[in-house]
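Start from the sequences, fold in the hints, and give me the full structure.
4 protein chains.
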Amino acid sequence: MLFRVIYPPLYTTLMESITLPEDMPQIKGYDFNQGLDHKALLQSFLTTGFQASSFGQAVQEVNKMIEKRLEPVQEEHESCDSHTSASGCTIFLGYTSNLISSGVRESIRYLAQHRMVDVIVTTAGGIEEDFIKCLAPTYLGDFSLKGKELRQQGINRIGNLLVPNDNYCKFEDWLMPILDQMVLEQKTEGTHWTPSKMIHRLGKEINNPDSVYYWAYKNDIPVFSPALTDGSLGDMIYFHSYKNPGLLLDIVEDIRRLNSKAVFAKSTGMIILGGGLVKHHIANANLMRNGADFAVFVNTGQEFDGSDSGARPDEAISWGKIRMDASPVKVYADASIVFPLLVAETFAHNANRLIKEKKSD
Amino acid sequence: MLFRVIYPPLYTTLMESITLPEDMPQIKGYDFNQGLDHKALLQSFLTTGFQASSFGQAVQEVNKMIEKRLEPVQEEHESCDSHTSASGCTIFLGYTSNLISSGVRESIRYLAQHRMVDVIVTTAGGIEEDFIKCLAPTYLGDFSLKGKELRQQGINRIGNLLVPNDNYCKFEDWLMPILDQMVLEQKTEGTHWTPSKMIHRLGKEINNPDSVYYWAYKNDIPVFSPALTDGSLGDMIYFHSYKNPGLLLDIVEDIRRLNSKAVFAKSTGMIILGGGLVKHHIANANLMRNGADFAVFVNTGQEFDGSDSGARPDEAISWGKIRMDASPVKVYADASIVFPLLVAETFAHNANRLIKEKKSD
Amino acid sequence: MLFRVIYPPLYTTLMESITLPEDMPQIKGYDFNQGLDHKALLQSFLTTGFQASSFGQAVQEVNKMIEKRLEPVQEEHESCDSHTSASGCTIFLGYTSNLISSGVRESIRYLAQHRMVDVIVTTAGGIEEDFIKCLAPTYLGDFSLKGKELRQQGINRIGNLLVPNDNYCKFEDWLMPILDQMVLEQKTEGTHWTPSKMIHRLGKEINNPDSVYYWAYKNDIPVFSPALTDGSLGDMIYFHSYKNPGLLLDIVEDIRRLNSKAVFAKSTGMIILGGGLVKHHIANANLMRNGADFAVFVNTGQEFDGSDSGARPDEAISWGKIRMDASPVKVYADASIVFPLLVAETFAHNANRLIKEKKSD
Amino acid sequence: MLFRVIYPPLYTTLMESITLPEDMPQIKGYDFNQGLDHKALLQSFLTTGFQASSFGQAVQEVNKMIEKRLEPVQEEHESCDSHTSASGCTIFLGYTSNLISSGVRESIRYLAQHRMVDVIVTTAGGIEEDFIKCLAPTYLGDFSLKGKELRQQGINRIGNLLVPNDNYCKFEDWLMPILDQMVLEQKTEGTHWTPSKMIHRLGKEINNPDSVYYWAYKNDIPVFSPALTDGSLGDMIYFHSYKNPGLLLDIVEDIRRLNSKAVFAKSTGMIILGGGLVKHHIANANLMRNGADFAVFVNTGQEFDGSDSGARPDEAISWGKIRMDASPVKVYADASIVFPLLVAETFAHNANRLIKEKKSD
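Residue numbers (the working numbering), protein chains in the order written: chain A, 56 to 416; chain B, 56 to 416; chain C, 56 to 416; chain D, 56 to 416.
Just so you know, the hints here were simulated from the structure itself, not pulled from any lab data. The reader is advised that the hints may include incorrect statements.
Note: identical chains are not told apart, hence a pair may lie in one copy or across any two.
[As the list claims (entries may be wrong)] In silico lysine-lysine, DSS-like type, Cα no more than 25 angstroms apart, as pairs:
{"#": "1", "residue 1": "252", "residue 2": "298"}
{"#": "2", "residue 1": "242", "residue 2": "252"}
{"#": "3", "residue 1": "83", "residue 2": "259"}
{"#": "4", "residue 1": "201", "residue 2": "119"}
{"#": "5", "residue 1": "94", "residue 2": "83"}
{"#": "6", "residue 1": "321", "residue 2": "119"}
{"#": "7", "residue 1": "83", "residue 2": "273"}
{"#": "8", "residue 1": "83", "residue 2": "225"}
{"#": "9", "residue 1": "83", "residue 2": "201"}
{"#": "10", "residue 1": "123", "residue 2": "321"}
{"#": "11", "residue 1": "123", "residue 2": "203"}
{"#": "12", "residue 1": "225", "residue 2": "298"}
{"#": "13", "residue 1": "411", "residue 2": "123"}
{"#": "14", "residue 1": "203", "residue 2": "119"}
{"#": "15", "residue 1": "123", "residue 2": "273"}
{"#": "16", "residue 1": "203", "residue 2": "321"}
{"#": "17", "residue 1": "225", "residue 2": "252"}
{"#": "18", "residue 1": "259", "residue 2": "242"}
{"#": "19", "residue 1": "411", "residue 2": "273"}
{"#": "20", "residue 1": "203", "residue 2": "225"}
And the structure:
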């Protein structure tokens, strides 16, 4: 904002600007005078600036994962190594529990249904809320409803969502016989239960195409949730353990399985919605391979408090969780708005190619 | 998560849930299996939860403003009161400077061009950056570019945007003769300059259909910016005052004009992007009429620090800035993503009706 | 801001204010003219407003936990129930990994050392970083250091902290023999390992009074970390499992143990720093007793994205995780500033009484 | 977290760490075993990490301003230039309105009373709330009180503060005669009113040592608030203008005065609490001198939305608002907690030297 020839006080001379590269994008938003074309509108985000540009970059980053995924993978003559992934890019999808409670669940279910992702990591709530929604609906409420009144009405609040206590009763009725059966199999067949095996089994039992984990079961997508006891599932396991004790859930076998998915991948991409365990767990697995090749984070966390949740992707590069030559993207936004739009411009946009690929496997 | 009949420890009985109203929306996200229909995707946001639902509610709230606006306004027989607005709903649009630097500018320009809003409030940067963009482009950079290196290159950073010093030099060349002219008119014609009058004049001078304020000038939409000296315009006015002193910018006449816009409106709606002055100034004007009838806030501020920027709409109800029976909406999001989508589903969606209405005025 | 008798436009009459209660605190900050008295300064926070007041309320809430804790617990004649806590208030402390990396660790260690808390919940990093700090220091860096350069230098970044790779090598050297021993004990003695048992053992092995978990071991404070494999410990366990396979870590026994701590407590208090797993896990355990009696959350999360991390305590009341008649407090702040000050005004302030109580056990 | 000699999968070798500089601070928090020494506790923040370290750095930065301020300023032989500041460091203090509503006001008043700062910038509310507090108290409420109920009770909410309507009535009674007098002086004496002159006058009229602006008046500290009409003052001016029209408030003279304060300073320091206008206005004035020498920002804004409020100090370096060789500090925190502590460790800590200096002027 300064000034070349000014009198009297010429305290400063303006630094002459360097010439910016020819191909540097100019900022330009969508012009509604050209009519309402949603596709073009979303494409204009790349040159809109701020988080709109970050969204545009996230679309590009996920589409890079998809292109890599679609690359023909050379048949290893000696396919003796059964670990090696058949996909050109192993995509790790992580999300916090609340997103399954929200309508983002339907986007996630779509990805699992069409085997568009390879590994899922979520928290206990991210598992159980999917099954509960097969049993009874979640409702739209308001962030400011009073806890005491809701408690007296038997209604639980998750942000602006409402879940009646009855839903958890239905879940209990559904789950308890399965827990009995799991204990029986452990005792009689020596089944070694881990969180991922339990989720696989529950996905089979729910037998409902609305369920994310039904499709993960069908498509053999492993789902990791090491703290699976931290939620309603844990409550049930706790009470059940008094009636029918003995169930073991081992987390060592799961960490081997998760890390192997990263280690034996041709290349990897991480798509992580929210922070906490799910973000750290996927990134840590990718450390085992010296870093993911592609990464998109969507969350509202900030780095200033030193949390892993809020850390920028660049922090993960220092650890070797993301490769030094990668171009990771963080979108600072609530995933409920951004993730469905991101799926639209990436996986759904490429649905024909991705689904064909799957079928021709 | 609790349990009806459990042994041994039955410490708690689950409160039975009340029956929720039949018409309470169930949470359900978009199903990409039905194909990629962006319009339907955005409509699904209302039942997606969290900020996606807030976006859906914001769409409804702005559409209420539009319907009210399109209502036939009864001709007052004695149309002696020239103050009274001819529109069924006077829409106040406010935004911070950075949004004009970003591609959100094109959405705002569309609204001004088609006279879809009635009053604009912004900060000094929100004025000057619009004119500067008529003279030279703004570029897409990165949040992590180093300030010292940019300074040495003559490049200024705004988030992930870059503005070369040269742009400000061009602005200076354009503005200085206009300031001379303004001082002359003040001295010879007794023009009483206020920020809104100066902006009107600059909009006329820029004479460029890319400019928001060109259209505000053409369509006689008043633009208020009481701290108009807080930016490059102020720098110029400061230096110019040594060469050619005497310019006055009076803020008293503008507060009369702004408040009158609220007071004499049939009904009012507020659409405010970002916080600080623009949020407070519009809300304070609406206090003069015992509160706005409709309100949408889009920003990333939080209430915990007691800032007006982060305050929820409910705080404004306590002050009488929003009516007690209104249903104001706050979307916690970066406006660069949300505002173009919001315009798409409201003003652009109703473009035919709104533009016809304007023409038939 | 409106006006009783004004002409011409009297659109509004000001609602007369109700008389506020006599004992309602008036806002008044610290007067430095009375000299610099830090204790009085911190006490003035209660009437300073915004988060300063929340801090003051958090001090009151923790001091209520302490008073309850110090109440004489009636001897049960039939003390057959070994589960029942001997303390008047069982305090659950949770914190995210980064706080152990920071100097907040010393505050936490103080609480463990003097048995001022009863149950600890943290993430894998919250365990391992404590041990690593016994082996080599963590340094103060800067949030903006470049990930690529740090990676090339073998330095890992955690916010503005730096941890050299060497520290992890030292950790490996220390841990591997212990893992061998754990596998041996499992095979030969049938030890049933859980995360909390492993942490207890590591606390014994580190044998260093700088360590939080050394004191947790000494004072028999259980430490829960169900996803203990999610970090460097998991990396080690993963690699170790190829050399010396077979280790099991069961999370079912730990959920029984954690929940029992809540269920059998006379009353409970929750002090939770940060979000994610640690916040949910403690609150979920307290659901098993129909809610905690006291609660303080310190974090920077926001509720708008529907995350459990950002949820206000009032959401937990709807779930029965906090009692309906409790007065829980959330402080929106980075715990690195707030928690040492909170410990100062609560536990450290009452150190004489608390430490005496412990000794007379 | 990787591993030197591991079999079978040795995918990665750990980069050896560089040796960090000897004087790099090690992370170490306060040890309460040494007793409760608040001063030492606050000093330990520098090595505590995250925002505690940022606080420690802010203390250092403000103390640098103070040392510079206390340096003997060489007498200019020809002291003809009355503009030149007599202080070694001209300190600009900015804060948003809510901080005057809170108890932070008493810290600010202390700084004004003892002439520890040289220039103040705030918003309209930051002016009027100080005077209103001289007439009637503000109370501590709660963030979740319902707007509709408060409105019906005549109570206004500011975060967790409450201000009765009556307070504004008292303010009206006090202000209206002063406005009459100002119009009279303008008409009879040709007084050219600007926001800073009006604030000076109001500071004189309030004649109350609790008032920040009383002391600003007494100590001749200019207070800038270019959008002075944006609040209750503007409401009053608006209504008053119908009874007694003609008052002018010119913002051009004030921008000259503010910029001159920066331009003619020996060196400058900026202390800015909150964002919006106050942050931009001070930084823009310092652009006129090619950047401030010292800077501390305290706010909760984030850079991701491209707002000036949330911008890191490094963005201001690109603009030349802060010098390239400066070491500016941002503390991400609510100022209600941080600012009183910051004043304690800087201005109050140096009170004897600072107040002596003032007296010997």
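Right, here's what the structure says about each hint:
For the homomeric pair residue 252 and residue 298, the shortest alpha-carbon distances inside one copy (22 angstroms) and between copies (24 angstroms) are both at most 25 angstroms. Taking CA atoms no more than 25 angstroms apart as the test, residue 242 paired with residue 252 passes in both settings, with 16 angstroms inside one copy and 24 angstroms between copies. Proximity of residue 83 to residue 259 under the C-alpha cut-off of 25 angstroms is restricted to the inter-copy arrangement: shortest distance 22 angstroms between copies versus 49 angstroms within a copy. With identical chains, the CA atoms of residue 201 and residue 119 are at most 25 angstroms apart between copies only, with a shortest distance of 24 angstroms across copies and 45 angstroms within one.
For the homomeric pair residue 94 and residue 83, the shortest alpha-carbon distances inside one copy (16 angstroms) and between copies (23 angstroms) are both at most 25 angstroms. In this assembly of identical chains, the alpha carbons of residue 321 and residue 119 lie at most 25 angstroms apart only when taken from the same copy (14 angstroms versus 53 angstroms across copies). In the homo-oligomer, the alpha carbons of residue 83 and residue 273 lie at most 25 angstroms apart only across protomers (22 angstroms), although the nearest pairing inside one protomer, at 45 angstroms, exceeds that limit. Taking identical chains as interchangeable, the C-alpha atoms of residue 83 and residue 225 lie at most 25 angstroms apart only when they sit on different chains, with a minimum of 20 angstroms there against 52 angstroms within one chain.
In this homomeric assembly, residue 83 and residue 201 come within 25 angstroms of each other (Cα to Cα) only across copies, at 24 angstroms, whereas the closest approach inside a single copy is 44 angstroms. When the C-alpha separation of residue 123 and residue 321 is checked against a cutoff of 25 angstroms, the pair qualifies only within one copy, where the shortest distance is 9 angstroms, while the shortest distance between copies is 58 angstroms. Within a single copy, residue 123 and residue 203 get their C-alpha atoms only as close as 51 angstroms, which misses the 25 angstroms cut-off; across copies the closest is 24 angstroms, which meets it. For the homomeric pair residue 225 and residue 298, the shortest alpha-carbon distance inside one copy (19 angstroms) is at most 25 angstroms, but the shortest distance between copies (45 angstroms) is not.
Within a single copy, residue 411 and residue 123 get their C-alpha atoms as close as 15 angstroms, which meets the 25 angstroms cut-off; across copies the closest is 49 angstroms, which misses it. Taking the shortest alpha-carbon separations for residue 203 and residue 119, only the inter-copy value of 21 angstroms comes in at or below 25 angstroms, while the best intra-copy value is 48 angstroms. For a Cα distance limit of 25 angstroms, the shortest separation of residue 123 from residue 273 inside one copy, 24 angstroms, qualifies, whereas the shortest one across copies, 52 angstroms, does not. For a Cα distance limit of 25 angstroms, the shortest separation of residue 203 from residue 321 across copies, 22 angstroms, qualifies, whereas the shortest one inside one copy, 52 angstroms, does not.
In this assembly of identical chains, residue 225 and residue 252 lie within 25 angstroms of each other by CA distance solely inside one copy; the values are 22 angstroms within and 34 angstroms between copies. Taking identical chains as interchangeable, the C-alpha atoms of residue 259 and residue 242 lie at most 25 angstroms apart only when both belong to the same chain, with a minimum of 21 angstroms there against 33 angstroms between chains. In this assembly of identical chains, residue 411 and residue 273 lie within 25 angstroms of each other by CA distance solely inside one copy; the values are 17 angstroms within and 54 angstroms between copies. In the homo-oligomer, the alpha carbons of residue 203 and residue 225 lie at most 25 angstroms apart inside one protomer (23 angstroms), although the nearest pairing across protomers, at 38 angstroms, exceeds that limit.
Taken one by one, the earlier hints all hold for this structure without exception.
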